[in-house]
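> Sequence:
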Amino acid sequence: MSTNTSLSSSSRQPLIYRSTFPEPKALRCGDTGNLFDLISQRAMQRPGDAAFIRDDGKIFTNKDVISLSRRLAWSYRNVLGLSPGGKVALFSPNHSEYGLAIYAAEIAGVTAVLINPASTAKELVTFLDMSKADVLLAHPSVMDKARVAAQANASLRLFTFADADESPEQADVDVPKHIMSILADDQELETTVIERPREQTVFICFSSGTTGLAKGVEITHANVTASLAQMLVTHEGSFTSRDIQIGVLPFCHIYGLVKLLHHPFMIGMPVVVMARFDMRAFCEKVVQYGATIALLVPPIILLLSSSPIAQEYNLSTLKIIQSGGAPLSADLARQVCSRWPNLRIVQGYGLTESCPSVICTGPAHLPSSPESVGRIAPGVEVRLVDDNGDDVDPNSASAGTHAQGELWIRGPSIMKGYLSNDDANLQAFGEGRWFKTGDIAAYHDNEVFIVGRKKELIKYKGFQVPPAELEALLLTHPKVADVIVVGIVDHSQATELPRAYIVPRDLGLLRDEHAGARLSADIAKWTAANVSNHKKLRGGVYLVASVPKSPSGKLLRRVIMQQIEMAAATTVAAAAAAAAAASVTAEGSAAAAAADSNATVSYQAGKQHSGAAFVTA
Numbered sequence: 001m002s003t004n005t006s007l008s009s010s011s012r013q014p015l016i017y018r019s020t021f022p023e024p025k026a027l028r029c030g031d032t033g034n035l036f037d038l039i040s041q042r043a044m045q046r047p048g049d050a051a052f053i054r055d056d057g058k059i060f061t062n063k064d065v066i067s068l069s070r071r072l073a074w075s076y077r078n079v080l081g082l083s084p085g086g087k088v089a090l091f092s093p094n095h096s097e098y099g100l101a102i103y104a105a106e107i108a109g110v111t112a113v114l115i116n117p118a119s120t121a122k123e124l125v126t127f128l129d130m131s132k133a134d135v136l137l138a139h140p141s142v143m144d145k146a147r148v149a150a151q152a153n154a155s156l157r158l159f160t161f162a163d164a165d166e167s168p169e170q171a172d173v174d175v176p177k178h179i180m181s182i183l184a185d186d187q188e189l190e191t192t193v194i195e196r197p198r199e200q201t202v203f204i205c206f207s208s209g210t211t212g213l214a215k216g217v218e219i220t221h222a223n224v225t226a227s228l229a230q231m232l233v234t235h236e237g238s239f240t241s242r243d244i245q246i247g248v249l250p251f252c253h254i255y256g257l258v259k260l261l262h263h264p265f266m267i268g269m270p271v272v273v274m275a276r277f278d279m280r281a282f283c284e285k286v287v288q289y290g291a292t293i294a295l296l297v298p299p300i301i302l303l304l305s306s307s308p309i310a311q312e313y314n315l316s317t318l319k320i321i322q323s324g325g326a327p328l329s330a331d332l333a334r335q336v337c338s339r340w341p342n343l344r345i346v347q348g349y350g351l352t353e354s355c356p357s358v359i360c361t362g363p364a365h366l367p368s369s370p371e372s373v374g375r376i377a378p379g380v381e382v383r384l385v386d387d388n389g390d391d392v393d394p395n396s397a398s399a400g401t402h403a404q405g406e407l408w409i410r411g412p413s414i415m416k417g418y419l420s421n422d423d424a425n426l427q428a429f430g431e432g433r434w435f436k437t438g439d440i441a442a443y444h445d446n447e448v449f450i451v452g453r454k455k456e457l458i459k460y461k462g463f464q465v466p467p468a469e470l471e472a473l474l475l476t477h478p479k480v481a482d483v484i485v486v487g488i489v490d491h492s493q494a495t496e497l498p499r500a501y502i503v504p505r506d507l508g509l510l511r512d513e514h515a516g517a518r519l520s521a522d523i524a525k526w527t528a529a530n531v532s533n534h535k536k537l538r539g540g541v542y543l544v545a546s547v548p549k550s551p552s553g554k555l556l557r558r559v560i561m562q563q564i565e566m567a568a569a570t571t572v573a574a575a576a577a578a579a580a581a582a583s584v585t586a587e588g589s590a591a592a593a594a595a596d597s598n599a600t601v602s603y604q605a606g607k608q609h610s611g612a613a614f615v616t617a
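1 is the number of the first residue of the sequence shown in full-length UniProt numbering; add one for each residue after it.
These are calculated hints, taken from the structure and not from any lab test.
Hints are all accurate, no fakes.
Distance windows between CB atoms, simulated:
no., residue 1, residue 2, range
1, Ser492, Gly430, 35 to 45 Å
2, Asn314, Ser369, 23 to 33 Å
3, Ala397, Ser329, 16 to 26 Å
4, Asp393, Lys479, 45 to 55 Å
5, Lys319, Asp278, 21 to 31 Å
6, Ser329, Ile309, 16 to 26 Å
7, Lys58, Glu565, 50 to 60 Å
8, Asp445, Glu236, 17 to 27 Å
9, Gly430, Asp144, 38 to 48 Å
10, Asn395, Ser83, 51 to 61 Å
Using N, Cα and C, we set each Cβ at its ideal position, and we do this for glycine too.
Please construct the entire structure, taking both the sequences and the accompanying hints into account.
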């Protein structure tokens, strides 16, 4: 077992924190170096075991999965002409054949490009152009957007991608041919040898990184192999072939991709595939199959804890909920565990770029408090760095607190890099291949605590919302002169909501409440028509006189957030004063009225004129 801390002898050398888990065993991908040969080893020994269970109860056995994947891989190579390194893009919600297309890409040495089906047609075109995809597999529910993308790229080949027996009739000339229709009856491709598994990209996912527009994240065969090796250590004895997992999180997201399509298949754990989350359907599947494990995000966990529907079902078979995608509050974790005393909630920390988890809470290694995201994963190294690039002195914190700094990580699961984006890679990696996460963390007692974000990314129900992207769009609106977008915490939904502060071209609208309200509503509606669902301005559109900027012109989001916090504190304090005064004499009643009036004024000032203080920022 490695030591948890490495103290340098010189202040110039980094202060490195290391895992206290046992070192992971090196996993062999057969003789090929190919990820698929690793995850299919156990499946080949137990061909009759269930791998995936569809919504309607149809079971795909290990034998089905391996045979269909190899047949599809043969067709990738010999029908579509995809050579190793070619790219096939998947644009679809979850379904039982999604994994087959992924595994076939691995077998054929092809790169799978994973695109969120919530993406707009414009975003889809951008992602396909960035990745240089050769083939697009699109679900019928998003086919209209896929056709737009195909029209923009004459060389792109478009196929329908859904459960084969549930897709539209192929006789319809307007429906692209189903990808499974190109399978040869008896042709299976042998696994392609991966000569350089640390360099060959197996997946391209999309992430906004710490700032800016989406970037293609290159994940290699070796990255996923390392992540799986870590999970065998952290989940030992808790995730087994005797368990059944509910697969509700998107397979296009690194969290679902690795933890629903790869880890369970490798250890022989069946996955019940759900296209999307629905509370009643989720509860029914848990009961029907006796599901024991669910990977969820905080907004779903919140619904589970508060929905009366969940009370109608006996969910006692669930033993573990693994939370990810966004921070889980300690209060919510306690609330769920009090409702189901036998249930354990474990969480961790990771990014698309880290494939996915680098901080883990293994079910057998529960943290000291719900605020902890766990311990450093096996084989991973961590640093805490200040704004000057120096390692934070662990003894520098004041009494009762712990030193904090930006979390830098290094390890074998960290991405190869951002696709064709040298500038982004230079910004993301420090000397020695340290990846800068943009998150602020503390480390003590061998555990990591995420305390805030240096980066500007908004997380709406686990989905990334880059403010810069929304700002760029809003600046194209003819009535917008300037804009800043921030994330507002909504505790009722356990998520952040994107909010825009708009400087209108006509500043007179700031004095006309009704006209200003109409413009705000129009901008919100216009934005919703031009972005993915998770990027809508659910936090509102506010008209202001100016937005805070540095002397160099950089938007200062922290100033906005400080103003919001101050306005909220003023409102709460005034309301408390009003409540206290209301319980005393008539003289006190007058004071209460005044306090209540002040509270209203403070709230309105924060609501309508929160930009007033930004003029001098």
